[in-house]
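Protein chains in written order, with numbering that gives the first Met the number 0: chain A, 0 to 289; chain B, 0 to 259.
Calculated from the structure, these hints are not laboratory results.
Careful: at least some of the hints might be erroneous.
Quick list of in silico lysine-lysine cross-link-like pairs, BS3-like style, CA-CA up to 30 Å [unchecked claim]:
1) B:K18 x B:K64
2) B:K18 x A:K27
3) B:K18 x A:K226
4) B:K117 x B:K105
5) A:K27 x B:K64
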Amino acid sequence: MNDFWIITTASLVALNTAILGSFLIMRKMAMIGDAISHAVLPGIVIAYFISNSRASFPILVGAAVSGLVVTALIQFFSKKVKLQNDASIGISYTFLFAIGIILISAFGTNVDLDQECVLYGEIAYVPIDLIYWGNQSIGPRQFWILFSTAIIIVTAVIIGFRKLVLTTFDESFAAALGINIVFWQYYLMASVSLTTVVSFESVGAVLVIAFISGPPATAFLITRSFKQMIMYAIGFGISASILGYYTAVWLNGSIAGAMAAVIGLQFALVFSIVKFRQRSRIQDIPVSGA
Amino acid sequence: MEAQDSSIETHDLTVIYNKKPAIWNIDFLLPKGKIIGIMGPNGSGKSTLLKAIMGITEPNIGYSKIFNKPLDEVRDRVSYVPQRQSVDWDFPASVYDVVAMGRFAKLGLLKRLTEEDKHIIKDSLEKVKMAPFANRQISQLSGGQQQRVFLARAIAQRADLYLMDEPFVGVDASTEEAIINLLKSLRDEGKTLVVVHHDLHTAQHYFEWLVMMNTRLVASGPAEEVFNEQVLTDTYGGTLTTLSKVANLLQEKSFPMRHK
Chain A
0 MNDFWIITTA SLVALNTAIL GSFLIMRKMA MIGDAISHAV LPGIVIAYFI
50 SNSRASFPIL VGAAVSGLVV TALIQFFSKK VKLQNDASIG ISYTFLFAIG
100 IILISAFGTN VDLDQECVLY GEIAYVPIDL IYWGNQSIGP RQFWILFSTA
150 IIIVTAVIIG FRKLVLTTFD ESFAAALGIN IVFWQYYLMA SVSLTTVVSF
200 ESVGAVLVIA FISGPPATAF LITRSFKQMI MYAIGFGISA SILGYYTAVW
250 LNGSIAGAMA AVIGLQFALV FSIVKFRQRS RIQDIPVSGA
Chain B
0 MEAQDSSIET HDLTVIYNKK PAIWNIDFLL PKGKIIGIMG PNGSGKSTLL
50 KAIMGITEPN IGYSKIFNKP LDEVRDRVSY VPQRQSVDWD FPASVYDVVA
100 MGRFAKLGLL KRLTEEDKHI IKDSLEKVKM APFANRQISQ LSGGQQQRVF
150 LARAIAQRAD LYLMDEPFVG VDASTEEAII NLLKSLRDEG KTLVVVHHDL
200 HTAQHYFEWL VMMNTRLVAS GPAEEVFNEQ VLTDTYGGTL TTLSKVANLL
250 QEKSFPMRHK
């Protein structure tokens with residue numbers, strides 16, 4: 000049963016991140032997931048001090064708020080200050096992450112709050128933290144949190160799909176149609192923020208980034224349409240969760256690490272197949288007049 | 000020409016990027032039902048002018064009207080064709096998908112394309128002779144084909160006014176001819192076409208009305224009146240105008256900041 004919950008939890012993370020990651024990599028903003036997942040630290044710490052507990056809800060709110068703060072900062076630096084996008088992302092999240100570190104080291108020496116855990120998570124603990132309906136366990140807390148998030152994300156993306164695709168592909172055309180570019184940017188970023196925040200607790204910030212950028216990038220290599228790209232990305236993400244889990248069991252190693260490694264191998268494999276096919280196709284073309 | 004007969008009216012339109020005016024005090028009335036060229040050297044603010052008219056870039060001063068109304072009231076009668084290079088052509092989409100975007104404004108969030116929409120998309124593809132490529136990936140198109148796709152998307156909007164940013168850049172001769180024929184046939188249907196262009200040799204043949212600009216407006220009028228040596232010198236003249244000299248000085252003295 001533990002296998003089932005760990006794989007299902009990871010697959011839910013894969014589902015959410017594959018959908019949003021596809022938009023992010025086409026917007027050349029894949030590293031925004033990296034930014035948000037680090038920038039949530041000060042929010043978590045402050046929420047912890049205020050609520051004086053490690054209960055999920057205040058922590059989630061704190062994390063979500065700092066996720067939106069970093070998104071707004073990035074938006075401000077790149078649109079108003081006209082700084083390059085990557086530089087805007089880099090300066091914003093390292094600043095917020097640093098504040099989080101200072102807060103922990105200055106005020107929280109005895110605090111049961113571990114930045115290692117924020118970064119790497121521990122998906123193996125997912126099945127331990129159960130929630131109960133009466134006396135009956137209905138599954139891990141993380142599963143239900145991610146399941147609700149998946150419903151929110153899928154609904155949000157279906158409703159906004161057309162506008163999100165249009166603003167991703169051709170921003171100025173979208174603006175000329177009267178579509179509010181900034182609104183849809185935040186719509187997407189709020190979704191990314193939510194996904195990152197609820198995912199990092201179980202799988203860790205680093206695996207979230209692997210899931211956001213890896214499967215969509217692999218899907219991009221072989222896709223013909225954007226919808227198909229999302230479907231392939233979901234497929235790659237979920238299969239990486241399954242393969243990664245059993246690889247970790249086999250090696251008796253880190254589950255999150257194995258999943259991220261499988262994501263990397265998937266990309267390498269698909270990339271090699273695509274390149275190999277291209278080369279053999281070029282050789283097939285007869286040289287005219289030779 | 001009275002304002003109510005104009006396709007586009009701008010008044011004191013000014014856009015400032017980084018302390019330097021990209022366009023300055025642009026004031027003109029453009030007629031309806033003509034092929035209109037906007038010309039000027041590189042960096043003279045031609046694209047910025049289109050973006051300011053379309054509300055993509057917020058003007059710092061001034062305003063513009065379209066068909067004597069604010070843009071928001073007539074948005075569905077206007078089509079904007081961005082520069083081809085402004086999008087990532089590796090985006091996973093087919094030719095058909097991109098042209099279908101021309102119908103998005105008229106659909107809500109979730110409504111599907113109607114039979115009429117589909118007919119319009121097909122018809123637009125035929126007008127630019129791209130119908131056989133409907134299912135082709137946009138990443139596999141040549142520059143000229145990409146431009147035709149953008150034009151098909153604009154035609155699919157069924158607008159009355161078309162603003163096109165450099166549609167002739169980097170296209171082959173046959174595409175160039177196809178585009179100009181298309182512009183003429185749209186004009187014959189009574190549409191107004193405003194085209195940013197930079198090739199002086201073809202300007203006289205292509206356009207009935209010309210707007211010559213170099214940050215400021217130099218001239219706006221019927222092509223045969225405007226296209227003379229004096230105007231050309233004023234627009235393209237080798238030395239910088241006083242205004243741009245001042246702007247350059249201002250910029251040099253301020254904190255150096257890189258443009259995106």
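How the hints compare with the structure:
1. B:K18 x B:K64: Answer holds: K18 of chain B to K64 of chain B is near 26 Å, not above 30 Å.
2. B:K18 x A:K27: This hinted pair holds, its Cα atoms lying about 28 Å apart.
3. B:K18 x A:K226: violated, 42 Å
4. B:K117 x B:K105: holds, 13 Å
5. A:K27 x B:K64: violated, 35 Å
Figure legend: structure checked against the earlier numbered hints; hints not met, in rising order: 3 and 5.
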